[in-house]
Amino acid sequence: MIEWMKEFLDVAIQWVSNNAGWILIVSLVMLVVSVLAIRLVIIKLPSDYFLDQKPCSERKLHPTLSVLLLVLRNIIGFIFVLVGLILSLPGVVGQGILTLLLGLSIMDFPGKRKLELKIISRRIVFHTINSLRAKASKPPLLLPEEIPN
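Our numbering numbers the first residue of the sequence shown as -5 and each following residue consecutively.
No lab work stands behind these hints: they were computed from the structure.
Positions of the beta carbon are idealized from the N, C-alpha and C atoms, including for glycine.
Distance ranges between label pairs, derived from CB positions:
1) Arg67 / Asp4: 31 to 41 Å
2) Leu83 / Lys0: 17 to 27 Å
3) Phe120 / Leu22: 26 to 36 Å
4) Val61 / Ile7: 38 to 48 Å
5) Phe72 / Val29: 11 to 21 Å
6) Arg33 / Asp102: 20 to 30 Å
DSS-like cross-link-like pairs, simulated, lysine-lysine; straight-line CA separation at most 25 Å:
7) Lys132 / Lys38
8) Lys106 / Lys54
9) Lys112 / Lys38
10) Lys38 / Lys129
11) Lys108 / Lys38
12) Lys38 / Lys106
13) Lys132 / Lys112
14) Lys54 / Lys38
Start from the sequences, fold in the hints, and give me the full structure.
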């Protein structure tokens, strides 16, 4: 192994062992916050969200503020996507696919709708989301008749 990599790993292992308690606390807080945020977004989502073909209309803002908000939304969405990918790994506790879907819905990029529909059309994801909505007395999400492959 390259010497600098060995030194880096030694420092990283030492840091993790010295801060294990804080890492555990932060991880648990992030788990609770992500679960609550996901549930809130799923409950607040209009039932026809996936039927709407048109992108959301943006408020008329100053161009600089509009770009700043777009960048901020994409950064926050990207963080949720990364956390969702981590939570999707075997052995990691959390709602990975739902967190990933939340991150994608926050972000703005080409092909977003097709990717969202591909994820939401998975039977277990769709059933889980509609179960959460039913517990909150919300109508189930509706999907278009023809979902892209």
